[in-house]
Every structure is written in structure tokens, then in C-alpha cells.
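**Student:** Next come the chains, spelled out residue by residue.
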Amino acid sequence: MGFSIKSLREKLSKTTNKISAGIRSILPKGKKIDDALLDELEEVLISADIGPEATMRIIDQARNQYHGGKITDSEQLEELIKTTSVEILKGADSHPNLETITKPEVIMIVGVNGAGKTTTIAKLARYYRSNGKTVLLAAGDTFRAAAIEQLGIWADRVGVDIVKHGQDSDPAAVVFDAINAARSRGKDVVIIDTAGRLHTKSNLMEELKKIRRVAAKAHSGAPHQTYLIIDGTTGQNGLKQIKLFDQAIGLTGLILTKMDGTAKGGVVLAAATQFKIPVRYIGFGETADDFDSFDPQSFVAAIFDSKSDD
Amino acid sequence: MFDELSEKLERVFKTLRGAGKLTEQNIRDSLREVRRTLLEADVNYKVAKDFIQSIETKAIGQNTLRSINPGQQVIKIVHQELITLLGGQVAELEISPMPPTIIMLCGLQGSGKTTLAAKLALHYRRNGKNPLLVAADIYRPAAIQQLKTLGKGLNIEVFYKDDKPVGICRAASAEAINRGYTHVLFDTAGRLHIDDQLMQELADIKKATSPIEILLVADTMTGQDAVNIASEFDRRLGITGVALTKLDGDARGGAALSIRAVVGKPIKVVGVGEKLDALEKFYPDRMASRILGMGDIVSLVEKAQQTVDLKEAARLTEKLQKESFTLEDFYSQLQQLKKMGPLESLLEMIPGIGKSLKGINMDGNELVKVEAILNSMTVEEKREPHILNGSRRHRVARGSGTSIQDVNSLLKQFSQMQKMLKKFTGKNMKAFAGGLPKFGL
Ligand SMILES: Nc1nc2c(ncn2[C@@H]2O[C@H](COP(=O)(O)OP(=O)(O)O)[C@@H](O)[C@H]2O)c(=O)[nH]1
Ligand SMILES: [Mg+2]
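Sequence lines, in order, name chains L and V.
The first sequence runs 2 to 311 under the numbering used here.
The second sequence runs 10 to 450 under the numbering used here.
Mixed in with the good hints, there may be bad ones.
What the hints assert, rightly or not - Taking CB as the label site, the calculated pair distances span: (1) L/Arg158 - V/Ser105: 32 to 42 Å; (2) L/Asn204 - V/Arg324: 17 to 27 Å; (3) V/Gly408 - L/Asn204: 50 to 60 Å; (4) V/Gly247 - L/Ser221: 51 to 61 Å; (5) L/Lys218 - V/Leu343: 25 to 35 Å; (6) L/Ser95 - V/Arg407: 31 to 41 Å; (7) V/Arg407 - L/Ser131: 56 to 66 Å; (8) V/Lys58 - L/Asn204: 20 to 30 Å; (9) V/Thr66 - L/Gly92: 39 to 49 Å; (10) V/Lys58 - L/Gly92: 22 to 32 Å.
The hints are simulated quantities; they were obtained by calculation from the structure and are not laboratory data.
In this text, a Cβ means the ideal position worked out from N, Cα and C, and glycines have one as well.
Chain L with its partners taken away, still in its complex shape (with noise of 0.2 Å):
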């Protein structure tokens, strides 16, 4: 299969990004740091969306180290902020012991309208698959028009089962009848498609809530996995949405789509500084196939590098 983060570099190099500059246009090799060269480095890392306060935070520490005169040219510099900012991603990773779970795997994927919900559900469910997994997915956004339709041809595409009510229905009915479904079909995974929210709507979350108690009902330990899909693009609004979504039902990780543009993403490394809440996988296209699981080192080289000068 073409999980590869080969496939991850190619296609981002493919959207060559001549807009923003890079890192190293910025940090020719040999060049002595001065502090003008580090307000540069500010804007590089603001321009990422990884948020003011992150930024300084990174700043701060290479201006320590430049200072404390451990680094002088801005290759080591390169080093340090990379190391930094991987070891941040990996600090939000708890590594949870992985307790056997009985069958089927019930993930829940949330997040706010547009992110990418139901395309990336279209991906996981194909990577499952191609893992030997069988796969159903729970149509549980009854609320916007057409999305029940929207996954039904996603679920024949990537060839796995689907159980759907109709438009409006109670979505955690939808997800009681899945789990069983998946149950009595042997299924190994349940994905759970929600409608789109905005987390400041406080009946929309009430909502998820109950979706969550229902799945729990129908199987114990349900959702297993609870995945906030966020938009590549968003800017610093995505750390709201981590808190909140957390704060309603818990969040196992986060997904990160819509990477094949020229966003950056970096609101994820800020949040990493923040929740303990690792990033999961990474999509960036409209086919199932363009999605990998996220390797927090091709992700801040990706960041980082700048693609216009290779």
C-alpha cells in the first residue's frame, strides 16, 4: 500500500510552495546568528501557524543556547529548533498501554464543519483495510443535507459495510445499530461520521455526549478512539477546538487534513505545548489513498524545509 511517508514528501513537494519561504532561505549554511537572523526565524514560525506563544517559547530556548554561546552558526540552529519542535510533538504522545479490546474497535471522529470528517473517514477505513481489518462505518451525520449519501459512496468505494438511518434520525441510534451490526458481522473496526460543529454550540456538544454514552452502552469501552479531525488551515481557533472537544468527550488524538495546500499546519505543534493530545494520522488530498499516519519528523521537516529551493 502507498502509506508511505515517500508518498507524504512526494505529494507535498508536488504543491511546491514558492509562496512562503522556507527555513533555509532564511538560514544559508555557515550564516552567523545574530538577532536579527532569530526575528527572522519568528516570522518563519509565526507564518506556520504555530501561534505566538509557542513561538517564543522555541525562540526563547535558541536564544538561550546562542547566548549561552552553544550555537553560532545557523545550521546548529536548524538542528535545535527541529529537535525542539519534534520532541514537543512527541511530548503530547502519553503512549496509552494498549489493553486488548473486544471486537469491534469503535472509533469517533468529530470536529468542526468542512474539516474533513467524512473524507478522512473514507481514509481510515481504506487503511484499515489495507492493514486486513474489516471495517464499518456508522452514518452518523443526519443532519446536513446529503452527507449520509456523501459517505454511502465513500463506503462503496473503499469496499466496507455501512449502516445508515435517514436524514434527521437520531444520530446515537444510528451508532447502537452499528456497533450491533458490526458485532453480529464479525467486524473488526466501527467508524462513526458526526455532523460538523462548531465547539462553542453547547447543545451540538450535549449531543456528542450522548452519542458517546450510547456507543458506550452498546459496547463496552466504546469509542476506543475518539479523533478530532482538524483543517491544515486552521489558525490559532484550533486550539480552542482541541479544548473543548476534550472537555465534552475526551480526545484520543487528532487528524490533520487538507495538508497538500500551502498551510503549514503548525497550530498542531502549538497545541502539543499545550494538551496531551498527539496527532494520529495526516491527509493531504481528495483520495483515499492521500493520508498516512503522522511522523512528527517528516511533519517539522515538512515545516521547516523550504520546497521552492530543491
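Got chain L sorted already, so can you dock chain V with the ligands onto it with the hints?
**Tutor:** Then chain V with the ligands, alone, in the frame of chain L:
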């Protein structure tokens, strides 16, 4: 304006005052705080930099140093300049001198084009016009079905034929002329600004149909990349304006400023909810306050109007004014408040209140406690809290599964609140309630 930024600036100037005369450098320091505020709101790095540079001279020039409150003075200048940069006034959608008025919606995937198309169609229909929706997103699974369903719900015609998007739009225009539609709305597929082939497709649609409006539909939550997106769409298509969506969330919306600054095209409409009538004009002054994190009191009031039981609110207001506000009323108020959303996001909308309530720490769990305590009180106790002597307080604590300290602190907070509310009643409150502008397009 007692928000976070004001607080920071006041601090900057206060420490300086002690040290002696204010200098131009002090102003620059205060502008550094402004810059950070802008960056937190997702204003693009370069845009923020240019903006700060451009107001520096103004801030230094306008006697800021000698004013009694330099912090407020700086904010005033920043706010005013932001409003100007955001367009100053409300911008209107163009109407074709020769019908039909063709509007093309374009933007990234998931930015909200389809919903906006339906909202605009409904808006025109409500104004006595005859709109036609055009389904030109042939790529995303079920996108055509989505628009058809929305159209059906509104009883508005949706045009689609099995063809390429250019062919669909061309045929739709002809159909509109033949059948007397006054407004035509192209719902195009979401695409990346760097997708050469798909960007060319939009240029071809433009060439074939000459829309009078080409609106870039942008998500309010967009980060730094907004400038790249907007400038590419503008370069390839010559957009005529911008539609900001999902403004009902809590994103500060710096992207609005970035886009405006980079392409110089007005923001014409904003989407403020999933309901199809949740469409408004764009108010630069509100947006400026929002970007600066000054609280959006207008949105808060709107939210309150949507959710609060008006009769109950009127009753409570009257009680407030008569100064007979009891714990029982407080309880009822809590219930109303709960309906409006997570407290934190509400508090953030209120200038000043975020700060004044910081010590009180009203998070969700706290509320549950408060509710439990109130539930354990008799009606009489709620009406006359002073009768709550030691043994009564013990009973309430036991009954609610809280501690005597919790009960005490609630009672103390309540009496503080009563005092605070008294300050708000009377003149202030009336001015506030009477001065609300009317909304909608
Ligand atoms: N370019 C790009 N588009 C994506 C990606 N993921 C989803 N989309 C598109 O974003 C739009 C909204 O996606 P959808 O899955 O319907 O979002 P949902 O509303 O969160 O379920 C669709 O047009 C998708 O094709 C991605 O990784 N890259
Ligand atoms: Mg969806």
C-alpha cells in the same frame, strides 16, 4: 474596553509612569503588545508588521504621550485604523443592470460555499427576487445532491446537467435568461489555490458567463495562509469580494484583515450559523473589536436573545431593579445561562467581565456544585438567605454532597453579586438594552 489588551497596555504604561517621562520607545513597546494580539488572532505576520509600522507614526504623533491614559489612546488609534483597513463601511452585493445577476462562489474545500449559496438564494427570494441555484461541484461525492436537497427545502430551483462545470454554468445562464431568473448562484467545487487545472476551470467559467460578483468564500478560522489563498484566487480570477463563513464560532478572525489587506476587496457577507437565514452584512467595527479580543457584546446580546426565555428575563430584570433579587432568581438565571453555551466562551465575549470574574472561577464543575447546593435549599432559604444559620448550612452541605465552605462561599459570592448587579441596574442597563442596532441584510 477592559479586555486583555487594555490590561496589558495599562501595565506597560503604568510601570513606565513610575519611571518618569514616557518616550517614543514606550509607545513602540505598547505596539509590540498590539502586534502580539493581532498574531494571536491569526492576522498574517507580514500584514501585522505593516499595520504596526503604519500606525506607529500616528500613535507617536497624536499626543499619546501626554494623554492621561496612553494605553486607551493607543487602543483607540489601533481600533480606528483597523476599522478603516477592514473597509470602513458596510459593502453591498452588486446587482447587474441587465438581469440576471450572476454570482460565482469559489474557495477552498470545506469553506462553506454550498451553504452560502443556499443562504444567498433564500435572501434574494425573501427580497422578492427569483433566484436560481447552480450545482457546479461535480467532484465531491454527493455535493450535487447536497445542493438539490437544500434547494428543495427552500423551494428554490436547482440547475444541474450532466456536463463539465463550464458547460453547466453556461447552460444555467442561458436558462436564467430564458426563464426570467433574476439571480444566479454558482456553487463551484472546493479547490486549492495552487491547483492549476481547477483554477483554470474557474477562469473558464468566468469567461463563459461574466459573473458580476466573484466571491471568495473563506472560513473565519483560517490561519496565516489566508493571504496566499486570497491572493492566488484574486490573481487568477479577479475576485470582487469576500464572504466570511462560520463567524458564529469563537475564532478571532484575523484572516478577515489579512485578506482585506492583501487583495483590497470588500467583505460583503458573513455566515453566522447553520440555519439558512443565518446570513448578515459585514460590520468592520464589530470585526475590529473581535480581532483585538475586545469582546463582542453585540454577538453576546444576540445569543442571549436567541436562547433566553424573554418573559423570564423580563421578570428577573424587574426584580433586579427592585433590588429584590434572591437566590431563587439566581438559580433561574443560572439555568438560562446554561442554555447559552460553555461559560468560558460566553465570558470571553463580555468586555471586562472576563477579568472581574477571574477570581470567582465559574467553570462547569463549579456550576454543577452551585446547582446542587441551591437544590438542597428550601424555597424559604432561597428567598431569605440570611436565615441560613450554622445548622441549616450544615444540612445544605450534606444534602448537596458539598462542604460547608462551598456553601459559605456561594452565599458570599451571591451577596457580592447582588452588589455588583446593583451597579448595573438603572440607567446603564436601559441604555444597553435600547441601543441595539437591527441586524440582517
Ligand atoms: N485538498 C484536500 N481536500 C480535502 C482533504 N480532506 C477533505 N477534503 C475536502 O474538504 C471538503 C470537506 O470534506 P468533508 O469530508 O465533507 O468534511 P466534513 O464536513 O468535515 O465531513 C471536501 O470537498 C473534501 O473533498 C484533504 O486532505 N485535502
Ligand atoms: Mg461530513
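**Student:** Decide, hint by hint, whether the structure agrees.
**Tutor:** Taking the hints in turn, this is what the structure says about them:
Distance hint check: the CB atoms of L/Arg158 and V/Ser105 are about 41 Å apart, consistent with the given range 32 to 42 Å. Checked against the hint of 17 to 27 Å, the C-beta distance between L/Asn204 and V/Arg324 comes to roughly 24 Å, which is consistent with it. Take V/Gly408 and L/Asn204: their Cβ atoms lie about 30 Å apart, and the range 50 to 60 Å is violated. About 58 Å separates the C-beta atoms of V/Gly247 and L/Ser221, a value consistent with the hinted range of 51 to 61 Å.
The hint said 25 to 35 Å for the Cβ distance between L/Lys218 and V/Leu343, and at roughly 30 Å that hint holds. Here the CB-CB span from L/Ser95 to V/Arg407 is close to 38 Å, well matched to the stated 31 to 41 Å. The hinted range of 56 to 66 Å is satisfied by V/Arg407 and L/Ser131, whose Cβ atoms lie roughly 58 Å apart. The hinted window of 20 to 30 Å between V/Lys58 and L/Asn204 is violated, with their beta carbons roughly 41 Å apart.
A hinted range of 39 to 49 Å holds for the C-beta pair V/Thr66 and L/Gly92, which are about 43 Å apart. The beta-carbon spacing between V/Lys58 and L/Gly92, approximately 31 Å, falls within the hinted interval of 22 to 32 Å.
Hints 3, 8, counting from the list given before, are not met by this structure.
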